[in-house]
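Chains as they are written, first to last, in my numbering: chain H, 31 to 211; chain C, 72 to 368.
Among the clues, some could well be false.
[To be verified] Computed from the model, here is a short list of chain C residues facing chain H with C-beta under 7 Å:
no., residue
1, Asp133
2, His134
3, Ser136
4, Ala281
5, Leu359
[Stated by the list, open to error] According to the in silico footprint, chain H covers these stretches of chain C (three or more CB under 8 Å from chain H):
no., region
6, 199-205
7, 336-343
Rather than coming from a laboratory, the hints here were simulated on the basis of the structure. Values in this document were obtained by computation on a predicted structure and should not be read as measured data. Glycine included, C-beta positions come from ideal geometry on N, C-alpha and C.
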Amino acid sequence: MQRKNSRPDSGRRQSDGVAEHFAAARWLEYLDNPGADDAMGSHMGGCEKCRGLLNSLIAVRTQLASDATCIRAAAAGPGEIEAILERCLSGIRTGSRKIWTAAEAMLLLSVLVEPICGRGAARRTISLARHRSTPPSETVLSGRNWPLFISNLSETMTSICGAAAGQLVRQAGFSMTLQEG
Amino acid sequence: MQPHLAPLNHVRLVMWTGLALSACLVGFHRWPPGHSIMSAEQLLYVASYGFALWFFVRILADHASGSTMRLAWMMMAWSAGFSIVRHAFEFVSYAAGWNTTRLYTLVSLRQIPIVLSLVCLTVGLLAMWASFAALGMGIRFEWTDFACAAVILAFVPLIISSRENMLDARSVWPLIRHLQSASPVLLAAPALLVVVLHRIRQEMGGGQMALALRFVIAFLLLRLIALLAGVSAVIHEFPIGSALLQAGGAAAVWLFPMFALERWQMTVAARELARRYDSNPGGELENLVAQSEDAGR
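Chain H on its own, in the form it takes in the complex (with noise of 0.2 Å):
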């Protein structure tokens, strides 16, 4: 197995106030296969910065994962990719973006649609969404099937609210990053 150097890269600027002490090629691989570096991983438990940096890139990649599977399902044209990524990028530019649980983001959603469809409403269209979203096996939502999750909340508000609320809903949805599994 190749040993890596344990020090950052030599050579790497500092700039808006991002730590770039490795190569971006390294940041990539070490996203890949953690386990692989352990000169990186080991760097991790004491940079702040790049554990920050880490921290970001995972939730972009959950986002881009999540976006994708979203884009297949509805077979996006070219202008609404481009929104995606829109998003993305406004999210890694405002620093903004937070990972949630499954059960956060179900309340925050149900937040968004009570001044719609009511308490009441907003509570039978999420709970049969989430009944349609997970497998007979699972009982509790996960950020796996928040995708699922969010196009049958979206169907389900559809079909009484009309189609704006049931684009507010994906919108919604599919903007926030939720924690894997």
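Assemble chain C onto chain H, guided by the hints.
Same frame as chain H, now just chain C:
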């Protein structure tokens, strides 16, 4: 004040003005004695149903083709359309003086759009119920709901017993007389659905859709009461009470487009919010988090 809702707020103001005008015109339609200003009232009704039709067409376009809710809004649009035909015809009848010369012939044909409008309204409300029932709403009732249904049903024999006072009960055409006789039942059917809509509204627990339903519930109930006031011989012995009830019935006509307006406002607000999520998802999510924290307090 949200700028995207400003045009709708102007329309709402126009509707409230129309409601007040209609109520005043009908309330005082016997004053001065012998003078009828009913034709002006008919024009206001045409405007009211025109607004309703305009909004219903937009709402149904917001629902997927073949969906039950789209059918509901489409039937309500047809109902508004037939009501426009009916009131435009009545306006022409008054203007041409047919209401004195051809009351039992030509004028009695108004029963055809009246019945068609009521049938479409009933089918529309049933379709709406079916949409909510798919989510498990409006399928469990309490004893108060059955009591309300019983009260509404009690109106039907009362109105039927006074049917000789109905507008077209003396038409020369048997079909028109039959249609007129059926009107208490045709009016009671959507009024009975008020109980279901009220239950759904309560189960919704607030929100813009529930607000819209409140208007259609008031519309259906007030119309039934106004019909009772119009045909009951007893109420005519109390001119002020009769005038107030009939004014209420005239005002009720404007609750129908208000129902459509409130429902359409939901679409406009949802579109605007979706647009904001598209342009700045991070900022909107932060707002949502703040809202959820407020709700939790």
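Okay, the hints, checked on the actual structure:
1. Here the hint on C/Asp133 is kept, as its CB sits about 4 Å from the closest CB of chain H, short of 7 Å.
2. At its closest, the beta carbon of C/His134 sits 6 Å from a beta carbon of chain H; the interface hint therefore holds under the 7 Å criterion.
3. Nearest Cβ of chain H to the Cβ of C/Ser136: about 11 Å, over the 7 Å cut. The hint is violated.
4. Interface hint at C/Ala281: satisfied, since its Cβ lies 5 Å from the closest Cβ of chain H, which is below the 7 Å cut-off.
5. Below 7 Å, beta-carbon pairs count as interface contacts, and C/Leu359 has one with chain H at about 5 Å; its hint therefore holds.
6. With 3 residues having a Cβ less than 8 Å from any Cβ of chain H, the region 199-205 of chain C passes the three-residue criterion, so the hint holds.
7. Check result for the region 336-343 of chain C against chain H: holds, 6 residues qualifying (beta carbon to beta carbon below 8 Å, three or more required).
Hint 3 from the list above is the single one not met by this structure.
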